[in-house]
Structures are given as C-alpha cells and as structure tokens.
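Positions in the sequence shown are counted from 1; adding 7 to them yields the numbering used here.
If you are wondering where the hints come from, they were derived from the structure by calculation, not from laboratory data.
Warning: the hint list may mix true and false statements.
Said to hold, decoys possible - Computed list of lysine to any residue pairs in SDA-like fashion (alpha-carbon distance at most 25 Å, straight line):
#	residue 1	residue 2
1	Lys89	Val62
2	Lys77	Asn42
3	Lys77	Val66
4	Lys77	Pro91
5	Lys77	Val62
6	Lys89	Thr78
7	Lys89	Pro56
8	Lys77	Ile65
9	Lys89	Ile65
10	Lys77	Arg59
This one's a predicted model, so the numbers in the text were calculated from it and none came from an experiment.
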Amino acid sequence: MDSEVTIWMERYWYRPQIDFFYYSFIAVIVVVCWNCLASSFSLSHTFIPSHRFAVPVIVVGILLSGGTGKTPLVIWDCSFFKSPRI
Numbered sequence: 008m009d010s011e012v013t014i015w016m017e018r019y020w021y022r023p024q025i026d027f028f029y030y031s032f033i034a035v036i037v038v039v040c041w042n043c044l045a046s047s048f049s050l051s052h053t054f055i056p057s058h059r060f061a062v063p064v065i066v067v068g069i070l071l072s073g074g075t076g077k078t079p080l081v082i083w084d085c086s087f088f089k090s091p092r093i
C-alpha cells in the first residue's frame with residue numbers, strides 16, 4: 008500500500024507541468040487587459056478636477072514619504088527663488 012501511494016505521488020509530482028504554462032498565459036492576458044482598462048479609465052475619468060494657477064507651482068515629494076529630504080529641498084528652493092538672481 009505504501010509503495011502504491013509513493014508511486015502515485017511521484018507520478019503526480021513529476022508529471023509535465025502543462026498547467027503552469029496555461030495559468031501563466033492566462034495571467035499575462037489578464038494583466039495586459041487590466042492595464043489597458045485602467046489606463047483608459049484613468050484618462051477618461053478624473054476624480055479630482057484640474058486647476059490652472061496664475062503662477063508656476065512646484066510639487067515636492069508627491070510620491071515620496073518621510074525621510075527623503077523634502078523639507079531641506081523646499082527651504083533651499085525658497086531661498087533660491089527669493090534671491091535677486093532670478
């Protein structure tokens with residue numbers, strides 16, 4: 008009995024892995040379709056309306072979190088743009 012189970016498990020374990028390639032192919036198709044739908048949705052539907060300002064706006068750290076040096080950069084930017092060189 009033990010050898011029959013062992014033989015069955017070895018046949019199952021070492022069989023050709025066609026399922027892996029099938030599922031990988033399906034996963035690639037799903038990811039491509041998802042990206043196409045997400046990009047078309049984000050381009051056609053905006054949740055926050057855009058606004059044009061009369062002066063130039065500098066955004067610092069929109070995708071960054073703490074500890075990346077945003078505050079020293081803003082301090083330097085303020086001193087640079089306040090200087091009469093510009």
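**Message:** Does Val62 sit within 25 Å of Lys77, going by the straight-line distance between their CA atoms?
**Reply:** holds, 21 Å
**Given hint Pro91 paired with Lys77 - CA-CA distance at most 25 Å** = The hint holds at about 24 Å.
**Given hint Thr78 paired with Lys89 - CA-CA distance at most 25 Å** = Holds: Lys89 and Thr78 sit about 17 Å apart, inside 25 Å.
**Message:** Given the hinted pair Lys89 and Val62, is their Cα-Cα distance within 25 Å?
**Reply:** Given that 25 Å is the threshold and the Cα spacing comes to 15 Å, the pair holds.
**Request:** Would you check the hint for Lys89 and Pro56, treating anything up to 25 Å between C-alpha atoms as holding?
**Result:** violated, 31 Å
**Asked** Quick one, are Lys89 and Ile65 close enough, alpha carbons at most 25 Å?
**Response** Roughly 14 Å between the alpha carbons, so the hint for Lys89 and Ile65 holds.
**Prompt:** Is the Cα-Cα distance between Lys77 and Asn42 25 Å or less?
**Reply:** violated, 31 Å
**Request:** Could you grab the alpha-carbon distance between Lys77 and Arg59 and see if it respects the 25 Å cut-off?
**Result:** The given pair, whose Cα atoms are some 24 Å apart, holds under the 25 Å limit.
**Request:** Compare the distance between the alpha carbons of Lys77 and Val66 with 25 Å, and conclude whether the hinted pair is satisfied.
**Result:** Answer holds: Lys77 to Val66 is near 10 Å, not above 25 Å.
**Request:** Given the hint that Lys77 pairs with Ile65, test it: the Cα-Cα distance must not exceed 25 Å.
**Result:** Cα-Cα ~12 Å, so holds.
The structure is inconsistent with the numbered hints 2, 7, although it conforms to all the rest.
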